[in-house]
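Trainee: Residue numbers (our numbering), protein chains in the order written: chain A, -19 to 480; chain B, 3 to 176.
It cannot be assumed that every hint is accurate.
Within a straight-line C-alpha distance of at most 27 Å, the following computed BS3-like cross-link-like pairs (lysine-lysine) qualify [said to hold, decoys possible]:
id, chain 1, residue 1, chain 2, residue 2
1, A, Lys455, B, Lys85
2, A, Lys455, B, Lys69
3, B, Lys31, A, Lys326
4, A, Lys337, B, Lys150
5, A, Lys431, B, Lys43
6, A, Lys138, B, Lys43
7, A, Lys146, A, Lys105
8, A, Lys334, B, Lys85
9, A, Lys326, B, Lys69
Derived by calculation from the structure, the hints in this document are not laboratory data.
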Amino acid sequence: MFKKILVANRGEIAIRVIRTCREMGIQSVAVYSEADRNGLHVMLADEAYPIGPAASAESYLRIDKIIEVAKLSGAEAVHPGYGFLSENADFATALKDAGIVFIGPTADNIRAMGDKLASRELMKKAGVPTVPGTEGSVKDAEQAKVEAERIGYPVIIKASAGGGGKGIRVVHDPKEIESQFRACQSEGLNYFKDDRVFIERFIQNPKHIELQVFGDTKGNVVHLFERECSAQRRHQKVIEEAPSISVPDEVRKQMGDVAVKAGKAIKYIGAGTIEFIFDNNTKEFFFMEMNTRLQVEHPVTEMITGYDLVKEQISVALGNELSFKQDDIKINGHAIEVRIYAEDPKTFAPSPGKIRKCRPPQGPFIRMDNAAYAGYEVPIHYDPMIGKLIAWGADRKEAMARLNRALDEFMLTGVKSNIVLHKNILAHPQFIDGTYTTQFIDSEIAGKKQKELFLFVDENVFIISAAIVAYNEAKRRDTSRLNINSRWKDVGRSSQLRHS
Amino acid sequence: MYFEATTQGNDYKVKVNEGRSAWNVQLSKNDGPWVEHVILKEDFQMLNEAISFMFNNHSYLVDVVGKDTDYNVYTRGSFRTIKIFNDEMLLHESLKSGKGLAAGDNLNAGMPGKIIKILVKVGQEVEEGDPILIMEAMKMENEMRAEKSCKVKSINVKEGQTVESGAELIVFEC
């Protein structure tokens, strides 16, 4: 067993790892930048070392400094969390060379999945489905017709240099394929001086569904079922749930088998996630990419399977066999996670600053992985996510009810937060019935529809509260002015002046 | 005490009177009829944790942060920024607006960041809501839009430049 682990991260994920370390009787070492001296992860770790200025490139991304601290503190292993150095093959190699264990996949695993195009080719060879499309560019309209027939309608025709809405055509009707192909080809030539054109399947109702996989050094690879992360804003996930209501049982089995096959193809070690684009009309799924690290949304998998993924990562890093077999892993109930960002819920602009009050929700079946506290200053240098709220229920409905209740209880003031955005999402029919896609937030919550949303509190409550506080403030200012510059003193002073 | 308040695009006239055991708050929204709210002091308790406000038997935990004329009010995961002016401030504001250009005519950086793209040219007329520039701060790209119809007088930054909080990015002529 390790005696001491260095956590090369910050915020809620550093705290998450520190907690499991403590439960396992392992000492934890935190590192922090100048902006994070007051970070909760620094206070909860057994030891903490400063590693440089606020900018990530000069602190959390400095491989040399982190290795130096690991050696200085006597840490035998490093957990990278997510982001920062978690998918950096050079970091994994540098640690190995320094005789320190990297709690994560091998450098080869990271490299194999690091390049999007190369990893897709690799997966295709391993028999993992990818979005059907043409191998090279399509020569003429005749070939376009044949290829589209093979791929299956609807298809999307893309000029290889296309962008900004130019040189992209979606074709539903086979009768239109030839004319649309020619139009796309000439647009490519006119706008981008390039008439090469590709054809791909068009996914009409795309969902983001990902599979949690786990491998060990003995060659075992298992999956821990799926997570759905279709609720995204600006291509960043905001709500994740497990299991997905859109995946039928037989497809769930196929996805699991494919994920394990993908993991085995690269001899994957540790926790990883295989992301699929899921066609909610046809229930087909296609490989997008693999994340070779622990995910932000790993808690929902922990809640429905009952396994501590960080504990398992540490165990696998020690060279142990996985503590569970595929047949042991069962889905129990439903879990939903919302990411709490210090940001404007309508514009999504970050809202750094000092948190005044922070009372996170408590009570039955609620989990809070949180880095915020009253008086904490949310730094401007990093991602504005300050925590994650996770609710578990025997079924999806119960999980949603608990999450809603918890959001109502959550008091977070001083900075803007997206708590109210989550309330809007949970109340939306498309989220309730599970048909929401990756376009859901952009088309249903953002933009013009905002005027009718976000109205959970009687407007009078805001105005009256502000007015009474402003009254008290004005009164206090008036009385203090009176006290400091009392009339009696004025009279006294002026009479003294007269006598002198 | 008389106040004027604006929030969410609505204007309120507000009269607050303090009684021995209750607050009397009268509101007129967008010059509509006056509506009176009697708030028992017992129902508006300023506790250490927050203000416990019982309004029409609904229980709210409210936090109010006031600075000058800006009041941020938080409750139940929602918040409003409310501009509040009392008599003294209203006078001050009217003096200020008489001088022509008020603060806010120029586009300043709200936080340190990097200019990704400038979408306007000097001399260009912009309308309210038109995108002006894209700035990256806290790992997010943010589009900054015109607050009102104006003409671009000068551009003080280049694409790719990093700027400090408060830096004057673009000057307008209105």
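Trainee: Hints first: check each against the structure and report whether it holds.
Mentor: A quick look at each hint next to the structure:
Between Lys455/A and Lys85/B the CA atoms are separated by roughly 18 Å; this keeps the pair inside 27 Å, and the hint holds. Under the criterion of a C-alpha separation no larger than 27 Å, the hint pairing Lys455/A with Lys69/B is consistent with the structure, at around 15 Å. The straight-line distance between the Cα atoms of Lys31/B and Lys326/A is roughly 24 Å, inside the 27 Å bound, and the hint therefore holds. Between Lys337/A and Lys150/B the CA atoms are separated by roughly 35 Å; this puts the pair beyond 27 Å, and the hint is violated.
Of the pairs offered as hints, the one joining Lys431/A and Lys43/B is violated, with about 33 Å between alpha carbons and a cut-off of 27 Å exceeded. With a C-alpha separation of about 66 Å, the suggested pair Lys138/A and Lys43/B falls outside the 27 Å cut-off, and the hint is violated. With a C-alpha separation of about 32 Å, the suggested pair Lys146/A and Lys105/A falls outside the 27 Å cut-off, and the hint is violated. Taking the CA atoms of Lys334/A and Lys85/B, the gap is near 20 Å; set against the 27 Å cutoff, the hint holds.
Taken as a hint, the Lys326/A and Lys69/B pair is honoured in the structure, with Cα atoms around 23 Å apart against an allowance of 27 Å.
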